[in-house]
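J.: Sequence:
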Amino acid sequence: MFVLSKQSALAATSTSLFVLLWSSGAIFSKWGLAHASPFAFLLIRFAIALCGLVLLAPLLRLKLPKGGKPMLFAIATGLVLLGAYQIFYLLALDCKVTPGVMATIMGVQPILTVVLMERQRSASRLFGLALGLAGLIMVVYQGIGLAGMSWAGMLFGLLALASMTLGSIMQKRITDNPLGTLPVQYLAGLLLCAIFVPFQPFHFEHSAGFIVPVLWMGLVVSVLATLLLYRLIARGNLVNVTSLFYLVPAVTAVMDYLIFGNRLAALSVLGMLLIIVGLVFVFRKNS
Numbered sequence: 001m002f003v004l005s006k007q008s009a010l011a012a013t014s015t016s017l018f019v020l021l022w023s024s025g026a027i028f029s030k031w032g033l034a035h036a037s038p039f040a041f042l043l044i045r046f047a048i049a050l051c052g053l054v055l056l057a058p059l060l061r062l063k064l065p066k067g068g069k070p071m072l073f074a075i076a077t078g079l080v081l082l083g084a085y086q087i088f089y090l091l092a093l094d095c096k097v098t099p100g101v102m103a104t105i106m107g108v109q110p111i112l113t114v115v116l117m118e119r120q121r122s123a124s125r126l127f128g129l130a131l132g133l134a135g136l137i138m139v140v141y142q143g144i145g146l147a148g149m150s151w152a153g154m155l156f157g158l159l160a161l162a163s164m165t166l167g168s169i170m171q172k173r174i175t176d177n178p179l180g181t182l183p184v185q186y187l188a189g190l191l192l193c194a195i196f197v198p199f200q201p202f203h204f205e206h207s208a209g210f211i212v213p214v215l216w217m218g219l220v221v222s223v224l225a226t227l228l229l230y231r232l233i234a235r236g237n238l239v240n241v242t243s244l245f246y247l248v249p250a251v252t253a254v255m256d257y258l259i260f261g262n263r264l265a266a267l268s269v270l271g272m273l274l275i276i277v278g279l280v281f282v283f284r285k286n287s
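In UniProt numbering, the protein residues as written are 1 to 287.
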C-alpha cells in the first residue's frame, strides 16, 4: 500500500510540475521579449536547448535517426513544430497578445490534431471540435474587436496554432526513437530562425531580464519539460497525458494576471471554458 501511495504521489508531482513548467513558457517568453528582439531571444534559446540536449545525449542514450528518410522527416518536423511554431508564437507576444490569450488559442491544438488525424470522426469529437472552434472565435473576437489587439498579433497567434497542429501530426508519425529526434529538430529550428536574423531586428540586453528568461526557456522548458512530457507519455496513457493540456490555458491565465496584471475578459473566459469542454468531448473514452 505504501508503494502504491508513493508511486501515486510521484505521478501527481510529475504531472503538476509539467503543467507548471509548460504554463510558464508564455510568461517567461513575454518577460524576455521586454529585453530582446524576438529573433535574438529565439535564436539564443534554441542554441541553449541544443547545447543542453547534446550534453545530455550520453546520459539519456539519445540516438539520432538512422537513414535518409527518417532524418529528413525529423528535420521537416523540427522546422514546423519548433521553428515555425516558436517564431509565430513569439511574434504574437511581441505584438502585444497577452500570454493568457495565447495559451487559450493554443488550447485548441489538441482538438484539431486528434480530429484531423482521425479518418472516421465520431459525433462526440465533431461536437468537441465545434465547441473548441466556437471558443477560439470568441477569444479572437474579444482580442481584436473589443480589447484592441492588433490583427497582426492575432494572425501570428493563429499561424502558431496551425504550425503546432501540423507539427504535432508529423511528430505522431515518428514512432521509432522519437526522443532521439529532439537534437535534430532543435538544430532545424535554430537554422530556420538564423535565416531570418539578417532581415529582422536583433538585439538583447545584458541583464537579468534577458538572461533569466532565455535560460529558463532554453533549459527548463525546452529540455526539462519536454523530457518530462516524454516520460509521462512512456509511463502513462497518451489520452491521460493529453488531458494535462486542459489545465495549461487556465494556469497560464492565472500566472499572466498575477505577474503582468492581464485579466482575461468575460468573453475570453467563456471561450476558454468552451475549449476545455471541447477537449473533454474529444478525449473522453469510447468517443
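Honestly, I wouldn't trust all of these hints.
[Stated by the list, open to error] Listed next, the in silico SDA-like pairs over lysine to any residue satisfying Cα-Cα at most 20 Å (straight line):
{"#": "1", "residue 1": "96", "residue 2": "227"}
{"#": "2", "residue 1": "96", "residue 2": "263"}
{"#": "3", "residue 1": "66", "residue 2": "117"}
{"#": "4", "residue 1": "96", "residue 2": "176"}
{"#": "5", "residue 1": "69", "residue 2": "174"}
{"#": "6", "residue 1": "69", "residue 2": "220"}
{"#": "7", "residue 1": "63", "residue 2": "141"}
{"#": "8", "residue 1": "96", "residue 2": "141"}
{"#": "9", "residue 1": "69", "residue 2": "187"}
{"#": "10", "residue 1": "63", "residue 2": "255"}
{"#": "11", "residue 1": "63", "residue 2": "73"}
{"#": "12", "residue 1": "96", "residue 2": "155"}
{"#": "13", "residue 1": "66", "residue 2": "220"}
{"#": "14", "residue 1": "172", "residue 2": "96"}
{"#": "15", "residue 1": "66", "residue 2": "178"}
{"#": "16", "residue 1": "63", "residue 2": "172"}
[Stated by the list, open to error] Pair by pair, the computed Cβ-Cβ distance ranges are:
{"#": "17", "residue 1": "122", "residue 2": "56", "range": "36 to 46 Å"}
{"#": "18", "residue 1": "56", "residue 2": "124", "range": "20 to 30 Å"}
{"#": "19", "residue 1": "126", "residue 2": "191", "range": "36 to 46 Å"}
{"#": "20", "residue 1": "258", "residue 2": "145", "range": "23 to 33 Å"}
{"#": "21", "residue 1": "133", "residue 2": "72", "range": "48 to 58 Å"}
{"#": "22", "residue 1": "118", "residue 2": "158", "range": "39 to 49 Å"}
{"#": "23", "residue 1": "120", "residue 2": "258", "range": "19 to 29 Å"}
{"#": "24", "residue 1": "119", "residue 2": "206", "range": "50 to 60 Å"}
{"#": "25", "residue 1": "150", "residue 2": "209", "range": "21 to 31 Å"}
{"#": "26", "residue 1": "58", "residue 2": "126", "range": "42 to 52 Å"}
{"#": "27", "residue 1": "207", "residue 2": "277", "range": "22 to 32 Å"}
{"#": "28", "residue 1": "150", "residue 2": "257", "range": "36 to 46 Å"}
{"#": "29", "residue 1": "158", "residue 2": "51", "range": "28 to 38 Å"}
{"#": "30", "residue 1": "148", "residue 2": "61", "range": "47 to 57 Å"}
Calculated from the structure, these hints are not laboratory results. Since the model is a prediction, treat every value here as computed from it, not as a measurement. Note that CB positions come from ideal geometry on N, CA and C, so glycine has one too.
J.: Compare the structure with each hint and give your call.
T.: Comparing the hints with the structure gives:
1. 96 with 227: 30 Å, violated
2. 96 with 263: The given pair, whose Cα atoms are some 14 Å apart, holds under the 20 Å limit.
3. 66 with 117: Not satisfied, since the Cα-Cα distance of roughly 26 Å exceeds 20 Å.
4. 96 with 176: 40 Å, violated
5. 69 with 174: Holds, at about 11 Å.
6. 69 with 220: 31 Å, violated
7. 63 with 141: Violated, because 45 Å separates the two Cα atoms, which is more than 20 Å.
8. 96 with 141: 15 Å, holds
9. 69 with 187: Roughly 17 Å between the alpha carbons, so the hint for residue 69 and residue 187 holds.
10. 63 with 255: 37 Å, violated
11. 63 with 73: 15 Å, holds
12. 96 with 155: Holds: residue 96 and residue 155 sit about 12 Å apart, inside 20 Å.
13. 66 with 220: Violated. Residue 66 to residue 220 sits at ~28 Å, over the 20 Å cutoff.
14. 172 with 96: Answer violated: residue 172 to residue 96 is near 32 Å, above 20 Å.
15. 66 with 178: 12 Å, holds
16. 63 with 172: 18 Å, holds
17. 122 with 56: 36 to 46 Å: Roughly 40 Å apart at Cβ, these two residues keep to the hinted range, so it holds.
18. 56 with 124: 20 to 30 Å: 40 Å, violated
19. 126 with 191: 36 to 46 Å: 39 Å, holds
20. 258 with 145: 23 to 33 Å: Once the Cβ atoms are compared, 26 Å apart, the range 23 to 33 Å for residue 145 and residue 258 holds.
21. 133 with 72: 48 to 58 Å: 33 Å, violated
22. 118 with 158: 39 to 49 Å: Since residue 118 and residue 158 have Cβ atoms about 22 Å apart, the given range 39 to 49 Å is violated.
23. 120 with 258: 19 to 29 Å: 44 Å, violated
24. 119 with 206: 50 to 60 Å: 53 Å, holds
25. 150 with 209: 21 to 31 Å: 24 Å, holds
26. 58 with 126: 42 to 52 Å: Cβ of residue 58 to Cβ of residue 126: about 47 Å, so the range 42 to 52 Å holds.
27. 207 with 277: 22 to 32 Å: 42 Å, violated
28. 150 with 257: 36 to 46 Å: 21 Å, violated
29. 158 with 51: 28 to 38 Å: 32 Å, holds
30. 148 with 61: 47 to 57 Å: Taking Cβ atoms as reference, residue 148 and residue 61 lie about 51 Å apart, which means the hint holds.
Comparing the model with each numbered hint stated earlier shows that hints 1, 3, 4, 6, 7, 10, 13, 14, 18, 21, 22, 23, 27, 28 do not hold.
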